[in-house]
Each structure stands twice: as structure tokens, then as C-alpha cells.
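*Asks:* Note that the protein sequences, when read in sequence, are chains A and B.
For the first sequence, our numbering gives the first residue as 1, with consecutive numbering after it.
For the second sequence, our numbering gives the first residue as 1, with consecutive numbering after it.
If you are wondering where the hints come from, they were derived from the structure by calculation, not from laboratory data.
From a predicted model like this one, the values you see are computed outputs, not experimental measurements.
Ideal placement from N, C-alpha and C gives every residue a C-beta, glycine not left out.
Mixed in with the good hints there might be a few duds.
[Unchecked claim] DEER-style ranges, computed between Cβ atoms:
1) Q137/B / E222/A: 40 to 50 Å
2) I241/A / F59/B: 50 to 60 Å
3) V33/B / K74/A: 32 to 42 Å
4) S116/B / T21/A: 33 to 43 Å
[Said to hold, decoys possible] Over the 10 Å line for every Cβ pair with chain A, so calculated as not near, a few chain B residues:
5) F59
6) L69
7) P81
8) G85
9) E91
10) G120
11) M130
12) L138
13) A168
14) R187
15) E190
16) L194
17) F200
18) C203
19) M208
20) R216
Here are the chains, one letter per residue:
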Amino acid sequence: MIDIKNISKWYGSFQVLTDCTTTIKKGEVVVVCGPSGSGKSTLIKTVNALEPIQKGDIVVDGISISDVKTNLPKLRSRVGMVFQHFELFPHLSVTENLTLAQIKVLGRNTEEAKTRGLKMLDRVGLIAHKDKYPGQLSGGQQQRVAIARALSMDPIVMLFDEPTSALDPEMVGEVLDVMVKLAQEGMTMMVVTHEMGFAKKVSNRVIFMDAGKIVEDCTSDEFFGDPEARSPRAKEFLSKILQH
Amino acid sequence: MNLDFSFVNWGVVSSFIAKGFFYSIQLTLVAMVGGIVVGTLLALMRLSGKKWLVMPAAFYVNTLRSIPLVMVILWFFLLIPLLTGIRMGAEASAIITFTVFEAAYYSEIMRAGIQSVPKGQVYAGYAVGMTYPQCMQLVVLPQAFRNMLPVLLTQTIILFQDTSLVYAIGAYDLFHGFDTVAKNFGRPVESYLLAAAVYFVMCFSLSMLVRQLQKRIQIIR
């Protein structure tokens, strides 16, 4: 589904990603973790070409993102993305947030878009808030709307960029619940997160990054079950993160 | 000093003032709408990051913002017929000049407005498959416009006051109307006082409106 092939990325002379390679298969849930500044958020943003890469290539559902002939907007419309800071459109109501891209990008008619959007809103348990504006919702609710917005586009894969790190602790659960449900329904997911509980519970694979490199890429059972077999950097990270 | 306003009646207003008043309003509205449209394009050019777009837009904005308006009005009125052979009246010339000139100011406001929209919003627009024009039109500009509405209207108030400068090329605006009355009736003090009062009422009510709008349109965050 997603083929990341030897990609590298620089900001000026500073290299943020070095020769990263991995593959995400259909139906797989892959968690990307690692210390701050390790390049995980950058990596996930390269998948739908929000961040350009200078070397290597990424192939999403058979389409290369670095091919000049690729229609990037069209490709992105099939890849759902959820951001750390939600990024709902604050000038639009919840319903408009859900239908805007369906209408303008996918060309669906208003009724169709509304039906689909509200169905997704119901799925994240927020149908009662359909006429509110994002600013009237809590962080957790906004993030669930953001997930519904992405799902309304019928994506083939969902990317989550630290979806719970900007939330108050008591709201993390409601967002993770939605994501767990999604994973169990078979959605292909790439998730940058520090939520190791989530990773243990639903992920098939864990990618551990450090200093712009993929240090570990193994099954979730290996990653959490066999700490001794891990690289020193991952061991250190795990010991810190799992202590509490 | 004895002030005598007895010369003011409906006939005076309708034959001297009304025409100038409506022209000033027309000039303000056209220059505002045109200025915001052209200004937004200039702002987008300056923020494009492409040198061949940034440079001309920056040159345009910086040049016009460094020249007094009254000179631009005069030059445009005198030079355009010389250069192009097209003759146009003072009124039409002023409308074009104001649009061109105000665009430079509106563009700076829109540039600040566009920059006030967080980068994440642009990412979000792209992530759902929008093209650059869609992302600007549907996500960034509506927010930039709302954020900047009070400043845009304040600029429009200044613009309305500045319309009196078309006096320099003899266009018949609100001030010209009062000026004519002053001369015809030999009552300059009264006439200019009335002119000031009309400008004041117009501008003051507009700024009150800005305040009201500000409260209503603010985006809840």
C-alpha cells in the first residue's frame, strides 16, 4: 500500500531524514515512535507529499509521489490525515468541515456529502454537535471530528501525526477509542504516537526512529516482547517510556 | 463672527452636493473592491516564494506606498493621455488611480492576514486533496479576510477621506460640491464647516460599524 524507498530529506544543509525504507501493507497498523526531533512527523508528512523529499521515492497504492506526472491533490484526497493540532477549518461548522472537500475535491453533491459526513460523525459519536463550530468543541471532540473529516473522503489509508499529544490527558482515551475501532475494522494506518499502550494493543508493527533514521522496524510482539533484542537506543527509549 | 446657514436648502443639496456625494461613495466602493481584489493577488504573489512573482509585486507595493497620493492622481491624469492617447474624464481617471493606489495598501493588509492563518491550515487543505487555488479560496483567504476585516474597513475610511484629493484634477466629488456652494453663495466658512460635518458623520458611523462587525464576525477559537 505504501512503499517508502530510501528517502532522504534536508532542511538547507541539515539532514532530517536519512535513507528511510519501509513498507506498509494493506490492513496493517504501523506505529512510528521515537524521541522528539527524530523525524517521525516529517516522515509521515512525506507520505502524502506535504513535505517534499530530495532523495528516494514513496509509492502509494502504485503511484509514485516524486513522479512529476502524479496528480498530488488527487493522491492526497485518497490518503486521510489527522494532525496533532486537529486543523479543523475554524470558519466552517462541523458539518461544513466534513463536506467541504467531498464537494470541492471529490465532486460529490451536497446531499451525498452530507449523508456520508454525518455518518462518519455519528461513528465518532458526535452527531449531536453537527451544527457547532470547531471552537465550541473540546480538543478531544475536535480531533474526533478531524478523524471523521478524513474518513468522509473514503481514504485507502489513514495517517495520524501525533493525534493525542496536544490533548488534555482525560481526552486522550476518547480519541484512542475511535482509532482502536478503526484499526479493528481493518483500516490501513500509519500512526506517529507516544501512546505505547495503543501500540501494544492494536499495532502490527513498530518503527522506531532516532536522528532521522529508522533504527528498528519489527513486529509489535518483537518490539515489546523481546526488549533484549532491541538496539541500545530503542532499549533506552523503551526503558524511559515504560517506566511509569 | 456670524455664521449664516440660511442659504442651505434642498435645492442646493440636490443640485450641488448630491452629485459629488454619490461620486465620492462610488469612488470609495470601486477602489475598495478593486483594491482588495488586486491587493489580494499582490499579496499572494509576494507570499508565493517565487522570485519572478515576488519582485514585481514588492516593487509595485513599495513604490506606490512611497509616493503621495495626490501626485499619483495628477500623474495618472496627465500622463496616461500622453502615453496612450486615450482621453478620459477626471472622474474616470480618479477611479482607476485610486484602485491602483489602494491596492498597494490593501495588499499589505491581506499579506498580514494570510500570514495570520496557521501553516497547519494549509497542510489540512492540501491533505484533503485541495489544489493551491482551492486551498487559498476555501481555507486561507476566508480566514485571512475575517481576521483583517477591521483593518480593511479602517483603510476604507481613510480611503473615503482621501477621495477629497481628486480636487487636484477637478473631479466633482463631495468636497468639490461644497467648494462650489462656497463660491456660488460667497459662504466659504459655513460651506466648509458643513463639508467637515458630513465627512465626520460618515467616517464616525463607519468606524462604529467596524466595532460592531468586529464583535460579530470574530472566529471562535
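*Asks:* Among all the numbered hints in the text so far, which are the ones the structure does not match?
*Replies:* Of the numbered hints, 10, 11, 12 do not hold.
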